[in-house]
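Participant: Respectively, the protein sequence lines represent chains Y, X, P, E and Z.
Residue numbers are given in the numbering used here: position 364 of the first sequence equals residue 364, and the series is strictly consecutive.
Residue numbers are given in the numbering used here: position 424 of the second sequence equals residue 424, and the series is strictly consecutive.
Residue numbers are given in the numbering used here: position 288 of the third sequence equals residue 288, and the series is strictly consecutive.
Residue numbers are given in the numbering used here: position 2 of the fourth sequence equals residue 2, and the series is strictly consecutive.
Residue numbers are given in the numbering used here: position 164 of the fifth sequence equals residue 164, and the series is strictly consecutive.
Worth flagging that the hints you see were computed from the coordinates, not collected in a lab.
Predicted model only: the values in this text are computed from it and were never measured.
Some hints could be false.
Simulated coverage check for chain Z against chain P, where a stretch passes if three residues somewhere in it have a Cβ under 8 Å from a Cβ of chain P [said to hold, decoys possible]:
{"hint": "1", "segment": "100-113"}
{"hint": "2", "segment": "131-140"}
{"hint": "3", "segment": "145-157"}
Cut-off 16 Å, straight-line C-alpha distance, at most; resulting in silico cross-link-like pairs (EDC-like, lysine to aspartate or glutamate) [unchecked claim]:
{"hint": "4", "chain 1": "Y", "residue 1": "K475", "chain 2": "Y", "residue 2": "E384"}
{"hint": "5", "chain 1": "Y", "residue 1": "K399", "chain 2": "X", "residue 2": "D129"}
{"hint": "6", "chain 1": "P", "residue 1": "K3", "chain 2": "Z", "residue 2": "E118"}
{"hint": "7", "chain 1": "Y", "residue 1": "K399", "chain 2": "Y", "residue 2": "D478"}
{"hint": "8", "chain 1": "Y", "residue 1": "K121", "chain 2": "P", "residue 2": "E448"}
{"hint": "9", "chain 1": "X", "residue 1": "K342", "chain 2": "X", "residue 2": "D397"}
We put the beta carbon where it would ideally sit given N, CA and C, even for glycine.
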Amino acid sequence: MGELIDAHLLSMITFFPLGVGVLLLLSSGLSALVGGEGLPDPLWRALGFATTVITFLFSLRLFAAFTATETAYQFVEHAPWISDYGVNYFVGIDGISLMMVVMTTFLMPIALAASWTDIAKSVKSYVFFMLFLETGMLGAFVSLNLFQFYVFWEVMLIPMYFIIGIWGGPRRVYAAVKFFLFTMFGSLLMLVAILVVYYLSYQQTGVLGFDLVAPPGSDAPSLMDTLIPLTGQAVWWKTQFWLFAAFALAFAIKVPMVPFHTWLPDAHVEAPTAGSVILAGVLLKMGTYGFLRFGITLFPNASVELTPLLIGLALVGIVYGSLVAMVQGDIKKLVAYSSVAHLGFVMLGIFAFNVQGMTGGVLQMVNHGISTGALFLLVGMLYERRHTRMIEDFGGVAKPMPVYAACFGIVVMSSIGLPLLNGFVGEFLILLGTFLVYPLAAVIATSGVVLAAAYMLWMFRRVMFGPVEHPENRKLIDLGLREKLVMVTIIVPMFWIGLYPDPLLRRIEPAVIEIQRVMEARRVMPESQAAAEPVRAAAVWAPEARP
Amino acid sequence: MTGSSEDLLRWIPLLPLMAAVYHGVMLGLVRRPTPRWVTWLLSCGSVGLSFLAACYAMSELVKLPEGSRLLIDNLYTWVGAGVGSQAFSAEMAFAMDPISAVLTLIVTGVGFLIHVYSIGYMEDDQREDKGFQRFFCYLNLFTFSMLVLVLADNLLLMFVGWEGVGLCSYLLIGFWYADRFNAYCGSKAFIVNRIGDFGFLLGIFLLFTHFAEAGAPSVAFTDMKQNIALLANASIAVPAWMPFGPEWPVLDVAALCFFLGACGKSAQLPLYVWLPDAMAGPTPVSALIHAATMVTAGVYMICRLSFVYTLAPDASAVVAWTGALTAIFAASIAIAQTDIKKVLAYSTVSQLGYMVMAAGCGGYTAAMFHLGTHAFFKALLFLGAGAVILAMHHEQDIEKMGGLRNRVPRTHWVFLIGVLAIAGFPGFSGFFSKDEVLLSVFTSHVPGTRWLHGIGLVTAGITSFYMFRLYFRTFWGECRAHKEVRDHLQDPPRVVMNPLYVLAFFSIVAGFVGLPQAYGGWVQNFGVEDSNSFANFLRPVLPAIEPHGLSHATEYGLAAIAVGAATLGGLLAWFLYVRRPELPARIAASLAGFHHTLLNKYWVDEIYDALIVRPLVRVSDRVLFRGVDAGLIDGAAVNGTARIVRGFASHGLKYAQSGLAQSYIFFMIVGAAALVGYLVR
Amino acid sequence: MIKPPILDLSVLAPIGFVAIGAMLVLIGEVLLSRRKTFLGREVTEAWIGSVLAMIAMFWLVLSLYVACVTFAAGTSSVFNPDHPMIQLDPFAALVTAVLALGALLSCALAIGYLAELRINHGEFYALILLSTSGMMLMVASIDMLTLFLGLELMSIPIYVLAGFDRRKLRSNESALKYFIIGSFASALLLYGMALLYGASGSTSFAAIGAALDASNSMAMIGLGLVLVGFAFKISAVPFHQWTPDVYEGAPSVVTAFMSVTVKVTAFATLLRMLTLAFGGTEETLSHVFWVLAALTIVVGNVMAVIQDNIKRLLAYSSIAHAGYLLIGFVTGTIAGYSAVMFYLVAYLFMNLGAFGVVVTLANHGQEFERMDSLAGLARRRPGLAAVMTLFMVSLAGIPGTVGFIAKFGLFAAAVNAGYVGLTILGVLMSVVSVYYYLRVPVLMYMHEPTMESETLGVSTGEGVVLAFCAVGVLFFGFFPNGDNLHLLDWARDSVRFLFGA
Amino acid sequence: MVPLDHVIGLSAVLFVIGILGVATRRNLIVILMSIELMLNAANLAFVGFNRIWPVVDGVAHLDGQIFVLIVITVAAAEVAVGLGIVISLFRNRDSVNVEEVSLLKW
Amino acid sequence: MSAPVVLFYAFAALAIISALGMVLNVRNTVASALSLVVTMVSLAGIYVLMEAHIVAAFQIMVYGGAIVVLFLFVVMLLNLRHDEFPPARQRALKLAGAGLALLVLVELLRVLSVDVPEAPPLPEGFGGYAQLGIALYTDYVLLVEVAGLLLLAAIVGALILAKRRID
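All chains should be built: construct the whole structure from the sequences, respecting the hints.
Facilitator: Given below as structure tokens:
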């Protein structure tokens with residue numbers, strides 16, 4: 001049993017949530033057929049929670065069994081899926097994916113626990129969508145087949161769309177649709193680019209395939225062996241520049257980078273607490289992860305070529321996000337804009353293209369997941385009590401809710417990168433890495449640290465301190481046991497990462513170095529030779545044959 | 001080096017931390033408030049213990065031979081990333097060398113006293129049931145951070161302490177958060193400090209980057225000190241149009257970056273604005289953090305990085321001048337203040353300016369010396385002020401005091417000692433340290449060093465003037481307090497007074513550890529070859545001031561001038577506030593504008609607000625948020641596209657779909673004609 | 001002397017079964033409707049309806065079975081070797097199977113619906129079957145005679161079916177418009193055929209293909225007119241305008257039937273003609289199709305945005321889908337054509353499903369049309385809302401559904417053939433399509449019910465159909481080439497056969 | 001001998017006249033007639049072309065004329081159904097004006 | 001110019017005129033129907049000239065005999081001998097359509113006049129009863145079958161649509 005699980009650990013982790021979700025759905029469907037009521041809501045909630053917890057335990061197993069020094073993908077599973085299109089079921093993780101997976105599975109139960117009471121309407125579908133969502137996200141993080149990645153990348157939207165749209169705030173529909181359309185816009189253009197890459201690889205190898213790398217123990221040609229012409233070597237749509245631009249657009253929307261960020265505040269403000277937690281914690285990482293896993297490795301020249309632009313956008317994101325966050329009246333919106341700034345840091349680190357920067361970037365992805373997730377939890381708790389998120393409705397909250405204030409304080413500090421809390425390590429490494437290559441950019445970005453302190457503390461002060469003016473705030477009740485546990489669960493890793501980030505860094509670094517190696521290798525490829533002649537070797541069938 | 005003494009080091013910061021954590025857990029997870037005696041016992045105990053540990057470590061350190069006085073306690077690698085020549089790694093390691101040893105002793109020692117003092121001071125604070133424990137939690141946390149700052153063996157860890165103390169001061173200033181102003185001062189302090197930290201970070205990046213280029217990537221102090229020569233003439237290329245372009249010497253830039261940090265912490269121009277407001281916190285906090293320890297971190301850092309500054313003359317000059325200007329500027333403000341703590345706050349700023357000036361002039365030993373003495377007498381003054389405030393039932397305005405000298409005699413005496421010490425009267429600690437400072441300035445090669453010296457002297461005069469003004473206004477003349485207050489006036493309880501006595505004692509004698517040869521020649525009779533044991537102790541780690549060729553006579557002369565200035569100030573104060581108490585009002589009236597300016601601290605806060613804060617907020621709100629975000633991106637781009645598509649349908653295409661079969665047929669004919677036409681061509 | 005032709009009746013089998021079914025239905029109605037009781041149970045109209053439906057479905061199943069068998073056998077045979085006019089080959093067999101399936105599902109849908117709308121005449125099933133036989137004839141025909149005859153045999157019953165709900169003005173109107181424009185189009189088609197005949201001297205595709213070249217302008221005019229005729233059937237812009245009106249006015253079940261089967265037939269037949277008859281001119285044609293595809297995609301999607309009638313919305317969406325299908329024709333490659341074939345099957349599942357929901361929701365003799373009456377449906381009919389969402393998602397081409405695989409195939413083929421511009425246009429427009437498809441789940445899940453109509457259960461037939469379509473959408477969405485059902489391979493093999501590859 | 005090109009020309013003329021009828025007349029009946037006219041034009045073309053291709057590789061070839069017969073049948077069927085539709089429409093709205101039939105639009 | 005040619009042009013002229021009459025006569029539907037008959041008959045004449053006797057016969061029988069009668073019947077039934085309609089909508093569109101159609105016509109004529117080859121001599125009995133009959137029931141037997149289906153569909157449809165009893 002054990003080794004069976006280990007052999008398919010990734011698939012287990014990925015599909016366990018959805019599996020349980022479907023089973024639950026079937027159960028209620030069947031009972032509906034016989035006119036029964038189906039399982040009661042609390043049971044659904046409990047089962048869903050248990051599922052996510054079990055998934056998290058699985059992922060801990062993953063974390064433990066992961067070999068830090070190994071650069072190749074681990075826990076690989078490879079099986080044919082749609083052979084005609086060369087689509088395989090191909091999963092595997094390196095350090096980066098590992099971090100993402102563990103973070104996702106960690107945030108999921110927290111999100112469910114946090115929304116234990118505030119989701120009253122149609123709990124069943126809520127639980128189902130959450131489980132569905134988890135599978136979608138995990139799948140995207142472990143996919144090594146471009147097609148498969150795209151499938152998960154899009155499937156993920158549906159549950160999120162419903163979570164925002166059904167359990168969201170007053171303008172939820174607008175927010176949900178906006179969220180969906182923004183992402184679709186980017187990802188469909190990415191689809192075209194994917195197809196072009198697919199076509200190029202077919203042209204060169206004569207084999208139809210979406211595998212990013214050759215599965216272990218085989219030297220089958222993969223996308224990583226594909227020469228992608230540079231500008232001037234082929235027609236415009238075959239060139240790295242445009243293909244990367246398409247990928248980058250999709251990812252940049254997801255990140256989100258200014259100016260593609262406007263869906264984020266709306267989505268966050270309207271989404272229910274759990275939705276915001278997952279959205280900020282995991283979904284945004286899809287973008288940066290995509291850049292790391294696909295964007296820069298597939299199109300190294302173009303990504304280097306476009307680095308100034310992306311660095312610039314990242315800087316704009318940092319400063320712009322911070323400034324706009326400063327003037328928000330809605331706490332959730334403020335946090336949303338702060339996410340824009342934080343993800344700007346991540347992008348900065350990734351596009352520094354050195355170990356510190358990228359490692360820091362990945363670590364910061366995790367940190368932001370935890371800190372911002374926690375922030376949304378806290379805002380949610382406040383909203384649950386007062387049904388408002390406007391800063392001016394509060395003030396002096398620390399008086400009635402000291403423990404809450406303390407947690408909030410810690411989280412705020414971690415989010416503005418106070419040393420010995422998680423935020424600092426990532427930010428520092430990113431800035432250091434950036435400074436090594438673009439000192440000026442690093443200087444600007446570092447000013448973002450000051451701004452972060454400014455807007456966060458300003459908000460914190462106006463909410464927590466001062467006299468209690470609104471009478472309804474006077475009788476706010478402090479955190480209950482469940483909420484305390486949730487907060488402790490999420491605060492502990494903050495200190496852990498802040499004090500002893502080594503276990504994470506040790507796992508991330510080899511992956512980053514490997515990515516850089518691949519980039520370098522692929523960078524020289526197209527320059528050395530223009531796009532190779534078509535080979536038409538072992539084609540399953542010739543898609544370009546004319547009658 | 002022996003293992004035991006090294007493992008000991010970690011306990012110095014960890015003990016207070018453990019106490020803090022205990023308090024934190026108690027506060028967070030246990031509903032019932034902890035009994036007060038448990039609280040204060042733990043806090044004071046932990047700090048006391050770490051003081052003992054520090055003493056033991058000190059003794060271990062002294063046992064070591066002069067050159068190699070260094071204890072390192074390496075816990076684990078904290079942050080490590082990168083490969084090859086860019087491998088970055090920061091250890092979680094504590095190091096104790098003479099400088100840190102001195103400051104550690106001060107922090108733990110003075111810290112302990114102030115902890116004890118706080119027991120009494122916070123006794124009557126009933127604003128919230130857990131406030132007492134919360135206060136001590138913060139206080140312990142602060143001690144921990146400060147010790148990390150002091151004992152850090154690398155820049156990054158130092159930065160940890162650096163930010164940590166900032167956080168604690170934020171928490172403690174806003175301790176009584178229910179008052180909006182306190183909270184405001186707290187965040188102000190934190191944010192201004194962050195601006196400094198910005199510089200600090202950049203400094204770290206800069207040094208590491210160039211050390212990496214030079215092939216010695218490290219941020220550990222010892223390594224950097226060894227390899228500093230590699231960067232001696234490294235430089236950064238900048239656009240030619242930049243000032244001092246096209247090449248900036250790395251070390252100067254780095255030094256300036258770090259100095260920006262120092263400005264933040266040590267409240268130098270232009271970042272001093274937070275310190276006066278920091279007085280919103282409880283008085284023990286003002287004494288510990290904003291007088292004795294934290295604010296001196298900047299000076300400490302400059303001394304720590306003295307190996308950088310010695311190689312960065314231009315930066316050093318900037319440092320020196322900034323210090324001097326801060327000194328006199330703050331002193332001038334202090335003249336007009338009437339809040340007892342505000343006066344002390346500005347005096348702190350001005351004294352810090354002194355130290356920074358000394359450091360800038362290469363007188364690191366002098367800076368450290370003054371830092372030490374200042375820690376004692378300023379703590380004393382604050383705690384004394386606290387005692388007064390306690391006695392006056394939290395009245396801080398000196399205009400409402402007066403004539404207290406026979407109502408609270410003990411407080412009066414210790415306070416007087418403090419005043420004399422800060423005014424630098426011969427025999428008191430302040431005299432010697434100030435003398436050292438002025439001497440180092442006088443003998444340094446910083447451009448305009450004479451001017452600096454002059455400023456130093458004037459500042460000394462002003463200092464003594466406003467300190468005596470404070471003293472006389474408070475303790476002499478007839479009492480201007482309310483009747484009921486006046487009747488209950490009495491010295492505070494023992495637990496408050498005892499620390500004062502200890503501090504008073506040290507304020508007198510602390511100076512003798514650094515007795516200059518000029519005065520201490522006689523000790524040779526007792527077999528001590530150099531009386532300035534303080535300087536000796538620091539010499540191996542701090543670049544000593546080159547032996548100045550000044551004859552003892554000159555030294556006496558300089559000292560005499562300084563003392564003269566101080567005396568003048570004192571006498572003037574006596575004349576104005578004891579002899580002719582009606583004069584000041586008239587003077588103020590005649591110099592209304594100037595007086596007003598001083599009273600409002602040159603409107604610096606207002607200027608910052610109008611020049612930086614408001615514009616920033618307004619632009620972010622009006623232009624960025626409403627304009628770009630809502631207007632441009634969302635309004636024009638996103639919804640605009642949607643509108644276009646919709647309009648294209650509902651105002652254009654729609655009308656082709658008229659519902660009339662024959663119009664459809666018409667379109668078919670058109671289509672067919674076009675198609676056939678294309679095919680036939 | 002006259003030699004009797006040697007006829008291969010097996011070729012006629014699928015068509016024949018359906019035709020027989022039609023007649024049996026007619027006879028059966030006559031027989032049943034005059035008696036009060038049958039085998040002891042008293043005869044109600046609804047009962048008659050279901051019995052006739054059973055008969056119809058039985059024969060459809062037969063024809064489906066035959067088609068499948070033929071496809072499996074992979075053989076190809078002509079009805080009359082002396083003068084081959086129809087040919088039952090794997091391609092024809094596959095399409096025939098699809099058509100039979102479509103008709104089958106439509107009949108199943110109709111049972112409950114007709115009763116609900118009180119237009120429960122047995123002729124309905126007869127007409128469906130006749131029309132289906134016409135379609136089968138079309139896809140099997142390799143000669144313009146049979147093609148035209150099949151076209152008419154397909155269309156005329158549908159004209160009638162569109163007006164089947166005689167008491168409703170909208171139904172009349174839809175029938176009328178469809179009839180006028182339809183027969184106008186088929187007149188154009190006919191004239192085109194005449195010219196082609198004039199140019200080639202024969203009506204068989206092969207001969208036309210031999211004679212056709214771009215220089216012969218009479219032939220080109222003929223070709224153009226024929227294309228117009230088909231463009232009308234597949235409702236390609238600018239020959240599309242009848243579609244929304246007819247789809248909206250016709251009874252929902254008829255709309256479901258025609259929206260799927262007619263399109264499948266037209267595309268399949270066009271596919272055959274392109275390969276057999278118009279082979280010589282594909283360069284020119286691909287330009288034509290490029291323009292048609294672009295126009296169709298844009299107009300269809302954009303117009304759908306402003307609809308507030310669900311049937312009309314689906315009509316425009318079907319126009320848009322026609323545009324996507326045309327992309328396959330633009331490529332002119334095996335990949336493109338087989339993508340078209342796959343898309344047609346996918347389209348059967350999703351569109352029939354979507355209309356099936358609309359059909360199911362009709363009650364009290366009232367069509368279910370207004371979008372906003374979908375509001376809060378998830379509360380009242382969770383299952384129905386779920387499948388509807390599934391179909392919408394699939395139509396929008398979100399991964400995990402067959403719609404995505406289909407679109408993917410088309411776009412992949414387009415890119416492989418180098419038509420990236422068209423592909424980009426396609427994806428941009430499907431962003432627009434996402435917008436209006438999402439409005440349906442938005443209404444069902446995110447709005448409160450406007451009017452609390454009582455929830456009447458789903459009839460068995462409808463339930464089965466919806467479940468079937470839903471399963472199809474999901475299954476083929478994940479396993480388009482499953483272990484037993486290699487849909488992709490089938491599509492490609494049939495097309496390759498067409499190419500004689 | 002009949003000039004065949006003129007036959008085809010005539011068919012074209014009739015065809016276009018038919019189109020004109022369909023496109024312009026409002027009376028449904030007349031529209032139906034015009035469609036018939038178009039079909040007839042096609043028939044004429046078929047017959048004419050059959051006159052051009054009477055023989056294909058040796059054997060007499062009657063595709064054209066057969067086609068005409070088929071078309072005539074189809075025409076009959078169409079007319080029947082068409083008139084049926086017109087009648088049922090007329091029953092409901094008492095008019096045969098095609099322009100009044102525009103409930104369904106946009 | 002031989003007799004058939006003369007006859008042809010006569011018929012052609014007749015056909016065109018009557019067709020125009022049908023389309024342009026906006027007053028009287030019956031008149032339109034009758035002029036349609038004239039067109040049919042004259043076409044039949046042309047068929048005869050082209051040796052397509054059967055077709056000609058069917059033309060007269062079915063069209064003239066059945067279809068047009070059906071038209072007239074309906075006209076009578078619905079009693080619309082004279083149709084007065086409200087003023088037309090979308091005149092411009094119709095005019096444009098008409099113009100376009102004429103343009104197409106010109107184009108058609110231009111193209112067709114060049115492409116039509118000369119007529120070859122006819123084989124024996126071409127278009128005669130025997131030949132056509134045999135062809136219909138050997139080569140084209142399928143068509144006959146399907147035509148039957150088509151008519152069935154038409155009958156059923158017409159019934160469904162037009163029968164009085166609305167149930």
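Participant: Confirm or reject each hint.
Facilitator: Each hint tested on the structure:
1. Residue count for the segment 100-113 of chain Z with a Cβ under 8 Å from a Cβ of chain P: 3. That meets the three needed, and the coverage hint holds.
2. Counting residues of the segment 131-140 of chain Z whose C-beta lies closer than 8 Å to any C-beta of chain P gives 4; at least three are required, and the coverage claim holds.
3. A count of 9 residues in the segment 145-157 of chain Z with a Cβ less than 8 Å from any Cβ of chain P is obtained; the coverage claim is therefore met, three being the minimum.
4. With a C-alpha separation of about 14 Å, the suggested pair K475 (chain Y) and E384 (chain Y) falls inside the 16 Å cut-off, and the hint holds.
5. For the hint pairing K399 (chain Y) with D129 (chain X), the CA-to-CA distance comes to about 11 Å; that is within 16 Å, so the pair holds.
6. Distance hint between K3 (chain P) and E118 (chain Z) is unfulfilled; the C-alpha atoms sit about 33 Å from each other, more than 16 Å.
7. Straight-line distance between C-alpha atoms of K399 (chain Y) and D478 (chain Y) comes to about 10 Å, which keeps the hinted pair within the 16 Å bound.
8. For the hint pairing K121 (chain Y) with E448 (chain P), the CA-to-CA distance comes to about 12 Å; that is within 16 Å, so the pair holds.
9. Restraint check for K342 (chain X) and D397 (chain X): the C-alpha separation of about 10 Å stays at or below 16 Å, so the hint holds.
When held up to the earlier numbered hints, the structure conflicts with hint 6 and nothing else.
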